[in-house]
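Enquirer: So the protein lines, in turn, are chains A and B.
1 is the number of the first residue of the first sequence in this note's numbering; add one for each residue after it.
257 is the number of the first residue of the second sequence in this note's numbering; add one for each residue after it.
Hints are not guaranteed to be accurate.
Unchecked claim - Listed next, the stretches of chain B that the computed footprint assigns to chain A, with coverage defined by at least 3 CB atoms under 8 Å from CB atoms of chain A:
#: 1; stretch: 263–273
#: 2; stretch: 306–319
#: 3; stretch: 326–338
#: 4; stretch: 429–439
Calculated from the structure, these hints are not laboratory results.
Quick reminder that beta carbons are idealized off the backbone N, C-alpha and C, glycines included.
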Amino acid sequence: MMRIAARLWICLLALAPVPVLGESLVTSLSSSRVLINSNYTGTSIAVFGAIERDAQTISRATPYNVVITVRGPRQYIVVREKERLGPLWLNREQQKFPGAPSYLAVLTSEPVREITSEQLRMRQKIGLQAIIHAADFTNDRSGADRPFRDALFRLKSREGLYREDERGVAFLTPNIFRASIPLPATAPPGDYDVEVTLLADTVILARTLTHFEMVKTGFEQQVGVAARDWSWLYGAMTALLALFFGWTASMIFRRD
Amino acid sequence: MQIYLPIAEMPVSVLLILAMGAAVGFISGLFGIGGGFLMTPLLIFLGIPPAVAVATQSAQIVASSTTSALGALRRRALDLKLGSMLIAGGLIGSGLGVWFFAAARRAGQLDLVIVVSYVTLFTVVGSLMMRESIREFWVKRRGGAARPRRRGGDHAPYLGWPLRMRFPRSKLYASVIPILGFALFVGFAGALLGIGGGFIMVPALLYIFRVPTGVVVGTSQFQIVCTTLITLVLHAVANQAVDIVLAILLIVGGVFGAQFGARAGRNLRAEVFRFLLAILLLAVGLRFALELMIRPNEPFSITTEEVRA
Chain A
1 MMRIAARLWI CLLALAPVPV LGESLVTSLS SSRVLINSNY TGTSIAVFGA IERDAQTISR
61 ATPYNVVITV RGPRQYIVVR EKERLGPLWL NREQQKFPGA PSYLAVLTSE PVREITSEQL
121 RMRQKIGLQA IIHAADFTND RSGADRPFRD ALFRLKSREG LYREDERGVA FLTPNIFRAS
181 IPLPATAPPG DYDVEVTLLA DTVILARTLT HFEMVKTGFE QQVGVAARDW SWLYGAMTAL
241 LALFFGWTAS MIFRRD
Chain B
257 MQIYLPIAEM PVSVLLILAM GAAVGFISGL FGIGGGFLMT PLLIFLGIPP AVAVATQSAQ
317 IVASSTTSAL GALRRRALDL KLGSMLIAGG LIGSGLGVWF FAAARRAGQL DLVIVVSYVT
377 LFTVVGSLMM RESIREFWVK RRGGAARPRR RGGDHAPYLG WPLRMRFPRS KLYASVIPIL
437 GFALFVGFAG ALLGIGGGFI MVPALLYIFR VPTGVVVGTS QFQIVCTTLI TLVLHAVANQ
497 AVDIVLAILL IVGGVFGAQF GARAGRNLRA EVFRFLLAIL LLAVGLRFAL ELMIRPNEPF
557 SITTEEVRA
């Protein structure tokens, strides 16, 4: 058993691309935890990155480009389209997105079109359009799925939950950059993935993956736990509270 | 001032929610209806998830209806006996409504069933009341008696069916069969549409059963308290969608609004009362009809079925 595992491990190591002459990328988030309390109205997280080169690294004629992709907790989303049926407008067709991110932000140092080829963008899911139109994002219905993908993007963008900022990454020196991930208040609690990709001359040089989580604290957390784990008690408490408020009001406003 | 809602998972403006609670509470107290059909669309419009909006506003209905019902009890304007009959019929109807809800969802036509039911119910009930109140108005202007006073023995034939019961406070001596049947229908529609059903109950008690206006509001509120209490707990258990912070804000706004509404209602003449309620119902019916008939700006809509942590 152990031997098989060890062999498998060696095979995997051999398959993994080993950058021979590449740069290495070091990234860090300003915080790995966003705490939600009662006066939370959204926040932002800073990403810092440094590109490390050693003696063997070839010098590059073109500057570095950075793409930062942030994905929030997954949701099962259904997009429906209203169509005319006689005098009525009814929901007819629908398209399911079983693992769509609730929040999706792409921050880049240049417009994605200028960073790399369309082929690579689609294959490596670089840029918002590439993610939305990726084959595994929803089931393919030979073109019929396209308006639904666009609609999901449009509606989520309107809420500020899907966004692309082509000037979102700023280089402080040629090898050090920073970016700010804007988190609107409606971005849901959960685990967020931050993927930083370094490119130069349309080629991917390095990639890092870091995480942060958004959690409810204190009272907000206790309410969430009570509603989930003691739902009968929670429901009964709310009902009693409502009755109590109603009774109190009738006493206050009593006219004798 | 903003506050974060722990279950809806978003911040809202405290003052806005208080004001909304007060406005809907006023209408609720004025007409003796729950007001759920007004509050739910308002909350969804603010961006609160529909499941949370439907579940949480039932807490506000409980609170404001409790206040109104207690007030009515004190003024002896509540028929406990009739109210209990309505609740009994209503519970059976709710059960059937929940079952039909699931069946329509399986068939994939739940949205359609809900909007069409809204349009039909609101337009029919609203038009009937409108016609009645306009006719009354007309007769009064020409100097006739508003409505011939009800005399003993003067009633619709279905009230004389077997199993008659006396409801002294409502000045009613009627068969329980149409009362239970009617309550069953209201419970059915309520569960299907996520509403208390006060807006069907009030006109029906007024016109079909000829219960005095003063008693109608109190009795309807009593029935709403009991039905909505059960709905609230079921929502908390089944969907975990009751937001206690939002509920408290809505309740605080709502109880005050309901008090002023109830007081305004007492000073309102009966025919004006019916006329205003008719306008309210027709407006809501029209709004849903337009939603169904006008080409939408954005034909697409998204629903989040579940969140994966």
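Enquirer: For each hint given before, does the structure comply? Return the numbers of the non-compliant ones in rising order.
Expert: 4
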